[in-house]
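Here are the chains, one letter per residue:
Protein chains: 2
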Amino acid sequence: MRHPTRAVKAGGLLIGGGFPISVQTMWKEPLRSDTLAAAAKGLRDLERAGCDLVRFAVPDLATAEFLGRLAAESPLPLAADIHFDHSLALRCLDFAVAKIRINPGNIGQEWKVKEVVARTRDRGACLRIGVNAASLPHDLENNHDVPVSMLKAAEREMELLARLDFHDVVFSLKSSDVQETVEANRLFAARYDYPLHIGVTEAGPLIPGIVKSTLGIGVLLKEGIGDTIRVSLSASSLEEVIVGQQILRAVQLRSAGVEIISCPRCGRSAFDVQSFVEQVSDFIQGIKKPLTIAVMGCVVNGPGEARKADIGITGAGKKAIIFKEGRPHRTVPFEDAAAAFREEVEKLL
Amino acid sequence: MRHPTRAVKAGGLLIGGGFPISVQTMWKEPLRSDTLAAAAKGLRDLERAGCDLVRFAVPDLATAEFLGRLAAESPLPLAADIHFDHSLALRCLDFAVAKIRINPGNIGQEWKVKEVVARTRDRGACLRIGVNAASLPHDLENNHDVPVSMLKAAEREMELLARLDFHDVVFSLKSSDVQETVEANRLFAARYDYPLHIGVTEAGPLIPGIVKSTLGIGVLLKEGIGDTIRVSLSASSLEEVIVGQQILRAVQLRSAGVEIISCPRCGRSAFDVQSFVEQVSDFIQGIKKPLTIAVMGCVVNGPGEARKADIGITGAGKKAIIFKEGRPHRTVPFEDAAAAFREEVEKLL
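Sequences listed follow chains R and L, in order. Once you know that position 144 of the first sequence is 988 in the working numbering, the rest is easy, because the numbers rise by one and skip nothing. Once you know that position 79 of the second sequence is 923 in the working numbering, the rest is easy, because the numbers rise by one and skip nothing.
One thing to keep in mind: the hints can contain errors.
Any copy, or any two copies together, can satisfy a pair, since identical chains are not distinguished.
What the hints assert, rightly or not - Derived lysine to any residue pairs resembling SDA-like cross-links, with alpha carbons at most 25 Å apart: (1) Lys1133 with Trp955; (2) Lys1066 with Arg846; (3) Lys996 with Gly856; (4) Lys1133 with Glu1024; (5) Lys1152 with Leu1050; (6) Lys885 with Asp1154; (7) Lys1152 with Ile1051; (8) Lys1152 with Leu857; (9) Lys1168 with Asp989; (10) Lys1066 with Val992; (11) Lys1162 with Ala882; (12) Lys1162 with Tyr1036; (13) Lys956 with Ala1184; (14) Lys1152 with Glu1067; (15) Lys1162 with Arg876; (16) Lys1066 with His847; (17) Lys1132 with Leu1008.
I should point out that these hints are in silico values taken from the structure, not numbers from a laboratory.
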């Protein structure tokens, strides 16, 4: 059962309220006049990969202007990440920026927060309050129960916004420690109905980062906690989105696109599964229809997996057998396997 | 609490009985006279990466002989994967092969199973019974409750071995579906005390495969289920081992080696975290001591993460600051950052 939350609107995207769990990422390069075209193209690529929202760091006014230009033509809603200087948030809100990530606590005086909230409300945008275990308020940072401190930090920001009767807010409570992240979000979800943006922060390079993110995000999603997810990797934004989609698929919250069952290969088989998968990978990634494909090295588990898949291919001696509807359909030499397989998948689509 | 299991010996490795959870992989190339040297070197590389056992497919007698030669000089225990032909298992057991993965059900007559068990017992080796959802006995394969069918298949094999009073057996119940894998292992662990080898089979190419494996294995380990793990990827054996180690680390079952907290980078920072991590990656992978390293782009969370790490580096304007014991220790230009960082880590070791 998904934890019930209120719905918050970020441009055309609804977060919480039972709407589909969205996948977001953050743009990794500075926005300048000479990087703007690449960013615009990057947004289109991310959107095609299944990204629902992209966040940009806005460290200065020039970036706010560039972000505004980008937002005007973006195929998906954009969020601005603001620290310290509330005037940057105000400037972003002059444009079609859908969401502001800001922590009132690091903005300073209450009148500044009031200004940001008033402008956000006027523009129909929303806020994200992002609590991070590595930048807690000073009086909370030496507490040994980190998840409780994270919750308290979130509650302070929440109280300030609630006094202004502003509730179009998404919260996040992130730590680079998986267990702290999971605990903090459980504590929050048990008490409040604001939608949660979940993720393990600074999860690291590709492989350890995928492992930590999958465990933290996957465990929470399986408990029904989380309305939007962000995988934080020291890798590309596109990889973050691909991993996010795969996490949703693994917890059975998304079924569009291709599920590949492929064997790890062993010395038993002459059919090189890995290189076959690489050959058909671009073709497969373009498929939006739900489809299960089995790519298996040999007859030990090959026919069994092929039976459960929409289409399967299995090495058998020096040939490959293509299965359809669980039955052998066509036998081809290895060198023709990729072309024949593509042909048969196309017939299915 | 870890689910209590009996200990089973595979060469120098103890599986179950509260011994550390081991990481295994499978060799992906056929064993032939011209591939034997590469396999021997591969075993040494896998051992250095933290692998505890390597399994080889043994489809014919020639492979059994080569495996025997490899086992005589292997730095870690080897397992033979046998299907259909029990004489291959007998031949492997003439050598220092530590473990036989075999399913009595696909070996045929009981006298053959008896022979394998007798020889395994004589040699002080052990067996693994590997149930796979894609190759269940025919009378179980159309049952809609797949985890229950997997359990029943395991129980049949178990009963046969128990009649022979043989209990040095590790079981595995794998499916390419994460949820089926988790359920089947829960059912088994609730009833039996044989050690469990866990993994999601045929999990797919690198990224989706890591996601599915982490979720399946991670959830089970967090419940105390699992004594040895194998990550099945259509990728290299080395990557399977690295992912396995990272899963153990993420569930806090292993602390040796380096934990990297590294930020995903955003447009705020000029310090390229990803390329810095790549520059120091080989150096870092060689460290066996438990060490937490924080590599952060900017001062928003940088000093906070550096405080929690043994050593940290954070971009700050056009320079990088190295932190030790939570305090700024040294400031260097970006181009000197990797060298200076390596120097400071070496001082710590």
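Here is what the structure says about each hint:
In this assembly of identical chains, Lys1133 and Trp955 lie within 25 Å of each other by CA distance neither inside one copy nor across copies; the values are 50 Å within and 50 Å between. In this assembly of identical chains, the alpha carbons of Lys1066 and Arg846 lie at most 25 Å apart whether taken from the same copy (9 Å) or from different copies (21 Å). In the homo-oligomer, the alpha carbons of Lys996 and Gly856 never lie at most 25 Å apart, since the shortest distance is 31 Å inside one protomer and 50 Å across protomers. Proximity of Lys1133 and Glu1024 under a CA criterion of 25 Å is satisfied inter-copy only: 23 Å between copies versus 37 Å inside one chain copy.
Within a single copy, Lys1152 and Leu1050 get their C-alpha atoms only as close as 31 Å, which misses the 25 Å cut-off; across copies the closest is 22 Å, which meets it. With identical chains, the CA atoms of Lys885 and Asp1154 are never at most 25 Å apart, being 34 Å at best within one copy and 40 Å at best between copies. Taking the shortest alpha-carbon separations for Lys1152 and Ile1051, only the inter-copy value of 22 Å comes in at or below 25 Å, while the best intra-copy value is 29 Å. In the homo-oligomer, the alpha carbons of Lys1152 and Leu857 never lie at most 25 Å apart, since the shortest distance is 35 Å inside one protomer and 36 Å across protomers.
In this assembly of identical chains, the alpha carbons of Lys1168 and Asp989 lie at most 25 Å apart only when taken from different copies (23 Å versus 55 Å within one copy). In the homo-oligomer, the alpha carbons of Lys1066 and Val992 lie at most 25 Å apart both inside one protomer (22 Å) and across protomers (22 Å), since each shortest distance falls under that limit. Within a single copy, Lys1162 and Ala882 get their C-alpha atoms only as close as 46 Å, which misses the 25 Å cut-off; across copies the closest is 24 Å, which meets it. In this assembly of identical chains, the alpha carbons of Lys1162 and Tyr1036 never lie at most 25 Å apart, being 60 Å within a copy and 41 Å across copies at closest.
When the C-alpha separation of Lys956 and Ala1184 is checked against a cutoff of 25 Å, the pair qualifies neither within a copy, at 63 Å, nor between copies, at 41 Å. Within a single copy, Lys1152 and Glu1067 get their C-alpha atoms no closer than 28 Å, and across copies no closer than 29 Å, so neither meets the 25 Å cut-off. Taking the shortest alpha-carbon separations for Lys1162 and Arg876, only the inter-copy value of 17 Å comes in at or below 25 Å, while the best intra-copy value is 55 Å. In this assembly of identical chains, the alpha carbons of Lys1066 and His847 lie at most 25 Å apart whether taken from the same copy (10 Å) or from different copies (22 Å).
In this homomeric assembly, Lys1132 and Leu1008 never come within 25 Å of each other (Cα to Cα): the closest approach is 43 Å inside a single copy and 52 Å across copies.
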